[in-house]
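Once you have looked at the hints, place chain B on chain A.
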Amino acid sequence: MHVLVCEDDELIASGIVAGLTAQGLTVEHVATASSARAMLKVAEFDVMVLDLGLPDEDGLKLLQQLRHSGLEIPVLILTARDSVTDRVDGLQAGADDYLLKPFDLRELAARLHTLLRRVAGRSVNLIEHGRLTYDPSSRETMLGGQPVDLSRREQSLLQALLHNRGRVLSTEQLKDSVYGFNDELESNALNVHIHHLRRKLGNGIVETVRGLGYRLGPADGAEELKK
Amino acid sequence: MSLRLRLSLTLGAAFALIWALAAAWMLSDLRNQMMFSLDQRLVASARMVAGLMEQLPPLPSKGEGTHFSAEQLNIPGGMACQVSSLRGEILARSHTDPQQTLEAEKMGFHDQMIDGAPWRSFTLARGDVRITTADRQIEREALNMSILLAASVPVGVALLGCLCLLWLGIGQGLAPLNRMRDALMRRSADSLEPLQIQPLPSELQPLLDTQNQLFQRIGKTIERERRLTGDAAHELRSPLTAIKTHLQVARMTDGAARDQSLARAEEGADRLHRTLEQLLLLARVEGSLSFDDGVQCSAEQVAKLAIQDAASGDRQRIKFQLPPKISHAPVQMPAVLSIAALRNLLDNALRHTPGDGAVELSLETTGNRVQFVVRDHGPGIAEDDLQHLTQRFWRNGQSTGCGLGLAIVQAIVQRCGCTLHFDSRPDGLRVELTMPLQPV
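Those protein sequence lines, which keep their order, are chains A and B.
Taking my numbering, I'd label the letters of the first sequence as residues 6 to 232.
Taking my numbering, I'd label the letters of the second sequence as residues 176 to 615.
Pulled out of the complex, with its shape left as it was, chain B reads as follows:
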């Protein structure tokens, strides 16, 4: 059911009910007032007749043939008057009709049936006569009905008008909602363009704004994911291209050239392997998989294992400084991740230190945290590029890395409550990585 129909029905029903009650109240009041007025008319008529009687000579005790004719007196139809003695003799009657005499035993108002029709009568005793006036209930009801009708037509028309206005007003009030609905129905399901609806009432503006912001955010997310997929495809296709190209060259050539091509194809396969490993690790770190294998490593062990894993051939290039006093508490995160994070930092440092230059690794424990500092002697990095460092697939110049190492470190840092800080100096990059330690 549409909002407009529901609102119109609810409000219309309430409206009609209240108006009907008010009308019923008013009409019942009106009817009471009218009955009272008609009764008063009977009383007034009886008194008038009594006043006239006093001025007349006394009526003969047996007034045969002294009836006035109602037609002669021109008394309106439906009313009757009768004068009778205390003994019940009819002295005078306004009508020949009804044939039956009016009951005049009781004083005051009295409802009675005469000739099968209901009458209302009033009897007044004055001296030795009783004067009874009466009118027909049917006449009263007819009068009552015509008044009811006259009063209820304007009420009904007003009510109808109100309902019409209500329908139109609600439609008008809901128009912005309809505009919004139309705009939403017009757009395609995967459209992320902001909605343009003008004018919009202040209640709906925040809704539209939030909606548009949401569209914008979704658009950005999709764009980022698309770029990321593109980057990943690029990173996987490049080594694959190298492998394929060199294999084809190997088929075209022979001798030393062939051996060299095969060796280079192998180099490409190694690179593809590294990239895949890093992508998988990143996906696992960012996902919800558990890395906890129960192995606990102290900070020193983490450092030694990371050195072992980092660029195996260049191990002697890493200068490791172990302070004399160090906490032996295990790091409070999965050993795999702590080693991977530190190894990636070391790999990165080795890659950006030219020639056989050394890379320094030092560690320090304070309270329940351990800080690793990796220092290389490469060219450092421009201030503007610091923000890109942990971006996936970002590479500094012609670096041979796959562009995922620091992104993985960042993901591990976020997952395990570590901190990461880069400090670029003209003579190299200094990276501080702190990890939480288990309380001893």
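Chain A on its own, in the form it takes in the complex:
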């Protein structure tokens, strides 16, 4: 899951980035509204964590403006202001969830997963695909009831594909989702991880669409190489 964290307090931001990364999410951090806008233009994100007290612009205004210009990803507001008016204003401006500082990192991660789940229209947190099940919060992958051991990158890759069922994801989009921005990337790293995923879950899990990118294979694709 590719998360954009917009938080001006450097100390808090570094904690969120480290904590979410440790829980298997891919996180980018920006400190101002303008850099958040720039970041949203150049990369694909699944969810955004927004602090309201940004130095260059009010967080609510930024959110309103982003929603107005067609931003669809779920947004979770982080703030230290706890009045009911603040919360109502936040939700009215287009936020999907609201978390009060100080918060629990595990709760933050769980809420982000729930937001994604809601966007995908699922009512339970478990993602099913044929015989494959994936639990985003515990990051457990099961194939036919048997646990499968996946690395962090492989999990991110699988998650990105599962969240975008039926859509073709370009190599760039997948890279954003899996590696984020700051990692130095070997040119064939994505191919290596796709190869590993196919080896562990079956060839049919990822379909290559020539010249465009990749997409999640059909639901019975996992059946094929279940051995």
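These are computed hints drawn from the structure, not numbers from a lab.
For glycine and all other residues, C-beta sits at the position ideal for the given N, C-alpha and C.
Misleading hints may appear alongside valid ones.
Said to hold, decoys possible - The list that follows gives simulated cross-link-like pairs (lysine-lysine, DSS-like), each with its CA atoms no further than 30 Å apart:
1. B:Lys395 to A:Lys66
2. A:Lys66 to A:Lys46
3. B:Lys479 to B:Lys500
4. A:Lys66 to B:Lys419
5. B:Lys479 to B:Lys494
Unchecked claim - If you anchor each label on the Cβ, the simulated ranges turn out as follows:
6. B:Ile393 to A:Arg92: 20 to 28 Å
7. B:Arg570 to A:Leu105: 20 to 28 Å
8. A:Arg92 to B:Gly542: 54 to 62 Å
9. A:Glu112 to B:Ile393: 36 to 44 Å
10. B:Gln388 to A:Glu112: 45 to 53 Å
11. A:Asn130 to B:Gln388: 52 to 60 Å
12. A:Asp109 to B:Glu461: 33 to 41 Å
13. B:Gln388 to A:Glu15: 41 to 49 Å
Below, chain B without anything else, positioned relative to chain A:
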């Protein structure tokens, strides 16, 4: 008791009293006039009888059986006439009743009892006869009573009408007050909306205006306090969040990442500590606590102690210029506060001077005041933002301060009779702080 009832009772009682006195006066006059008129009637009747007597042949000395009958003469009841000789013999009587003869010894008016009833009589001597006319007091009183009654009914009705009008008029006059009462009773106890009462007389308008202004002021104060509490909560929660987040990260990771998280959690704790200290200091400066601990510092000592306290690691960045001639009089305010004020200015200057740039501190004593000038080489501050500088929790851009430093300076300035002046220049901010010195 309602205002309307009290006013109506007071005015009504006064009204009724004055009317009653006037009526009593009038009625007693009327009664006197009437008695006088009835007396005049007796006199006139006696004279008339005397005039008639003169035209008659002399009466026989013993006039038995020559009585006229009152019924024949048709004289109204209650009046009697009697003619008697100087010796007391009755020559003529108008009535058989009363049986007893009228007392005719004394001339003029005379009240007498005849057959147990009071009579009023008038006796006139003419020649050798006495003529006495009389009427019954009871008849007089009955007449008097009917006149009193006739006169007092209109007075009573008028008085009642007046009282009714008084009640209605007072109610009408007090209606704006009632409207105000109703409006006040309708609003909830913690409502701060302005009262809307129309129309209102000119006497009450200032009251309403003052009341509404008061509501407005209270509303603003509450709003400011609410914002301030919100700000304080924000300032305390942010470092707390940093600490908690990094501690949780430390639990999730190990090795170098863990050490780094712990170090950052500590950084957060330091920030929380600073913020708390500043909040407490501000609360104490704004409160009524005494800071006087008996320690007296000269301006030079204040400067040196403030430099020591300000950003301990960066002490060499502060360039301190001490003039050759300086007053050694102690500053006339608690040493803690003078040092805290100057330290906050220095902290602020250090924070806004990029890199290792220097901050200049100079001081000068003139008369019984000392002026500290703190000069930084930061970006300065926009003209519009100068007014926000001493506002609590206001920060310039991405400053790492807690937003209380200059608010504390301002509070100290107000408490201790100092002055504070900001002068923003393109190459940095210049702050002048003057403190009073004790007279030597």
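Hint-by-hint comparison with the structure:
1. B:Lys395 to A:Lys66: holds, 25 Å
2. A:Lys66 to A:Lys46: holds, 18 Å
3. B:Lys479 to B:Lys500: OK: B:Lys479 and B:Lys500 at ~17 Å, within 30 Å.
4. A:Lys66 to B:Lys419: holds, 28 Å
5. B:Lys479 to B:Lys494: Holds, at roughly 11 Å.
6. B:Ile393 to A:Arg92: 20 to 28 Å: Because 26 Å falls inside the window, the suggested range holds.
7. B:Arg570 to A:Leu105: 20 to 28 Å: holds, 21 Å
8. A:Arg92 to B:Gly542: 54 to 62 Å: For B:Gly542 against A:Arg92, whose Cβ atoms are near 56 Å apart, the range 54 to 62 Å holds.
9. A:Glu112 to B:Ile393: 36 to 44 Å: holds, 39 Å
10. B:Gln388 to A:Glu112: 45 to 53 Å: Given a distance of about 47 Å, which is inside 45 to 53 Å, the answer is holds.
11. A:Asn130 to B:Gln388: 52 to 60 Å: holds, 57 Å
12. A:Asp109 to B:Glu461: 33 to 41 Å: With Cβ atoms ~36 Å apart, the hint holds.
13. B:Gln388 to A:Glu15: 41 to 49 Å: holds, 45 Å
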